[in-house]
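Sequences listed follow chains C and S, in order.
Under this note's numbering, the first residue of the first sequence is numbered 248, with each subsequent residue one higher.
Under this note's numbering, the first residue of the second sequence is numbered 344, with each subsequent residue one higher.
Watch out, some of these pointers could steer you wrong.
As the list claims (entries may be wrong) - Straight-line alpha carbon distances no greater than 25 Å define the calculated SDA-like cross-link-like pairs of lysine to any residue that follow:
no. : chain 1 : residue 1 : chain 2 : residue 2
1   : S       : K599      : S       : E645
2   : S       : K362      : S       : E383
3   : S       : K721      : C       : E280
4   : C       : K287      : S       : E645
5   : C       : K309      : S       : K362
6   : S       : K721      : C       : N289
7   : C       : K309      : S       : R627
8   : S       : K721      : C       : E297
9   : S       : K721      : S       : R640
10  : C       : K287      : S       : G600
11  : S       : K438      : C       : E297
12  : C       : K309      : S       : A595
13  : C       : K287      : S       : P642
14  : S       : K438      : C       : K287
15  : S       : K721      : C       : G286
16  : S       : K438      : C       : V332
Hints were generated in silico from the structure; no laboratory data involved.
Since this is a predicted model, take the numbers as computed values, not measurements.
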Amino acid sequence: MTIRREDVLRVAELAHLELEEAELETYRIHLDEILAYIGKLNALDTSDVEPMALGFDARGGKAAAGARSQLREDVVRPAEISEAVLENAPEARPPYFVVPKVIER
Amino acid sequence: MSVWRRWSVAEIRESLRKKEITAQELAAEFFRRIEQRNPELNAFLQLSPERALAQARRVDQMAARGEDLPALAGVPVAVKDVISTRGVRTTCGSKILEDYVPAYDATAVERLEAAGAVILGKTNCDEFAMGSSNENSAFGPVRNPVAPGRVPGGSSGGSAAAVAAGLAVAALGTDTGGSIRQPGAFCGVAAMMPSYGRVSRYGLIAFASSLDRIGPLAARVEDVAAVLGAIEGRDPRDATSQDRPPGDYRAAPDVKGMRIGVPEEYFGQGMDGEVRARVEEAIRQMEALGCRRVALRMPHTEYAIATYYLVATAEASSNLARFDGVRFGLRVAAPSLSAMYRKTRGRGFGPEVKRRIMLGTYALSAGYYDAYYLKAQKVRALIARDFSRAFEQVDLLVTPTTPTPAFRLGERTADPLAMYLADVYTVTGSLAGVPGISVPCGNTAAGWPVGLQIFGPPFEEARVLQLARAYQNRRGDA
Numbered sequence: 248m249t250i251r252r253e254d255v256l257r258v259a260e261l262a263h264l265e266l267e268e269a270e271l272e273t274y275r276i277h278l279d280e281i282l283a284y285i286g287k288l289n290a291l292d293t294s295d296v297e298p299m300a301l302g303f304d305a306r307g308g309k310a311a312a313g314a315r316s317q318l319r320e321d322v323v324r325p326a327e328i329s330e331a332v333l334e335n336a337p338e339a340r341p342p343y344f345v346v347p348k349v350i351e352r
Numbered sequence: 344m345s346v347w348r349r350w351s352v353a354e355i356r357e358s359l360r361k362k363e364i365t366a367q368e369l370a371a372e373f374f375r376r377i378e379q380r381n382p383e384l385n386a387f388l389q390l391s392p393e394r395a396l397a398q399a400r401r402v403d404q405m406a407a408r409g410e411d412l413p414a415l416a417g418v419p420v421a422v423k424d425v426i427s428t429r430g431v432r433t434t435c436g437s438k439i440l441e442d443y444v445p446a447y448d449a450t451a452v453e454r455l456e457a458a459g460a461v462i463l464g465k466t467n468c469d470e471f472a473m474g475s476s477n478e479n480s481a482f483g484p485v486r487n488p489v490a491p492g493r494v495p496g497g498s499s500g501g502s503a504a505a506v507a508a509g510l511a512v513a514a515l516g517t518d519t520g521g522s523i524r525q526p527g528a529f530c531g532v533a534a535m536m537p538s539y540g541r542v543s544r545y546g547l548i549a550f551a552s553s554l555d556r557i558g559p560l561a562a563r564v565e566d567v568a569a570v571l572g573a574i575e576g577r578d579p580r581d582a583t584s585q586d587r588p589p590g591d592y593r594a595a596p597d598v599k600g601m602r603i604g605v606p607e608e609y610f611g612q613g614m615d616g617e618v619r620a621r622v623e624e625a626i627r628q629m630e631a632l633g634c635r636r637v638a639l640r641m642p643h644t645e646y647a648i649a650t651y652y653l654v655a656t657a658e659a660s661s662n663l664a665r666f667d668g669v670r671f672g673l674r675v676a677a678p679s680l681s682a683m684y685r686k687t688r689g690r691g692f693g694p695e696v697k698r699r700i701m702l703g704t705y706a707l708s709a710g711y712y713d714a715y716y717l718k719a720q721k722v723r724a725l726i727a728r729d730f731s732r733a734f735e736q737v738d739l740l741v742t743p744t745t746p747t748p749a750f751r752l753g754e755r756t757a758d759p760l761a762m763y764l765a766d767v768y769t770v771t772g773s774l775a776g777v778p779g780i781s782v783p784c785g786n787t788a789a790g791w792p793v794g795l796q797i798f799g800p801p802f803e804e805a806r807v808l809q810l811a812r813a814y815q816n817r818r819g820d821a
């Protein structure tokens, strides 16, 4: 498959990235090359394989047994860091972040 | 403290206990070294002298009262700049976070300080930990202190360089596809990626959540073990961190009768002849220690890079969506919200980060999810199966860390695929979730360090460290 300029524009739009004209062509070439390389995965039959979504391997031996995600109790605990958090904002009016107008009329 | 010495964790503890030094003097000495060498090496992006000296003072007070000193008392440590430090600028090597000051500490940082470590500052890295040479930092590349003109490796290049140059006794790095082990190999230090789930990722600014791990680098394996012992363990703030008994990392390094697997696929095409020779010598040394060498196959190894660059970029495209100019970091003004997002991200991210966001977005986009992302997750399971099958036959696996020694600055920047292939021996273990360490195994004729990699089964860090330490002691230098 060949990546076209329209594909790059569509992906940049999805990713909220404004790209310069020169970048469009560079990324077109790189995506094309990398995806061609990645195509080698199609040589493998994976029809009977369960996808591995996390970093734990269920079959990873004795010590790996039982590795899983564990959620903590859902308890509200005040963090009291909102001031420090807002100090990092490019624009804030405590206790709010300020953004350009969202809804156009 | 007029004579330059490397200092180990044990030496510092002993000297503090005997009151031969103070933690404050030691910290001051390391800041002097940084002041001298950092302009040339660019290993540190920012220093935290106030925080370091306050911590050193606490350690000195403990020593003065004759209290038992904690495991890392007074140990000067550097922290990679993708790991959050309260009140200390954390940039991820990116312009988009140039002025970001976290409001909280990463768990690993909290635990380092609870163990008495003195945090000197934050180390340079490839932007958002994406890179294998440190040339992707928005704040300039790190220089390799032991191989002039060569890259220090990446993405934890600043951490590896700081340790190699003696600007820190130990450092925290992060490893997603090789980012601790590969710079460890290029700079000639010991560098460990713990099992997925062993160390909390809370406060690690995420690149690829199913792969990211925090781990230690130090000149000697014992010090890697000491730092791991301090930072590991369950943390309710990271759902994937596991409740495991801490490993016995001080066990005598007896490796007699250990079966070490040597997978054929790690000694193939593209491997430098001198790297092969050093690794073969290391394996013979292990045999001399009583290990039994077992040849085996790990047939899916060749698919690891392709798998990794789908899984990692897909997760990155999602994780990096948070950098949008609203809550932190750079904002490029624009009349509408969506234009503000696009301009901020277009200008704030560097070329490699944008490339990976593009690739990951493409792989997750409508019509391609099954063909790319799901396919990669299935091949990932096959790669993990290679490991679990190997560990039915052997106790540990031994491979080179990288196919070549450190390459020249600028040598691979124009060719992303060539850069990705620098991680060909490390990404496998990242995908499988197993622990791995790189230990120095000598130099090439030109003097460039070579790294030997040891993989163990999940949560068997103790065994990995045992062989690493036995081998290091047998080699008898550093």
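Against the structure, the hints:
1. S:K599 <-> S:E645: Roughly 32 Å separates the two Cα atoms, so the pair is violated.
2. S:K362 <-> S:E383: violated, 34 Å
3. S:K721 <-> C:E280: holds, 22 Å
4. C:K287 <-> S:E645: OK: K287 of chain C and E645 of chain S at ~9 Å, within 25 Å.
5. C:K309 <-> S:K362: violated, 45 Å
6. S:K721 <-> C:N289: OK: K721 of chain S and N289 of chain C at ~11 Å, within 25 Å.
7. C:K309 <-> S:R627: violated, 29 Å
8. S:K721 <-> C:E297: Holds. K721 of chain S to E297 of chain C sits at ~6 Å (cutoff 25 Å).
9. S:K721 <-> S:R640: holds, 19 Å
10. C:K287 <-> S:G600: violated, 39 Å
11. S:K438 <-> C:E297: Status violated; Cα separation ~39 Å.
12. C:K309 <-> S:A595: Given that 25 Å is the threshold and the Cα spacing comes to 23 Å, the pair holds.
13. C:K287 <-> S:P642: holds, 14 Å
14. S:K438 <-> C:K287: violated, 35 Å
15. S:K721 <-> C:G286: Answer holds: K721 of chain S to G286 of chain C is near 14 Å, not above 25 Å.
16. S:K438 <-> C:V332: holds, 19 Å
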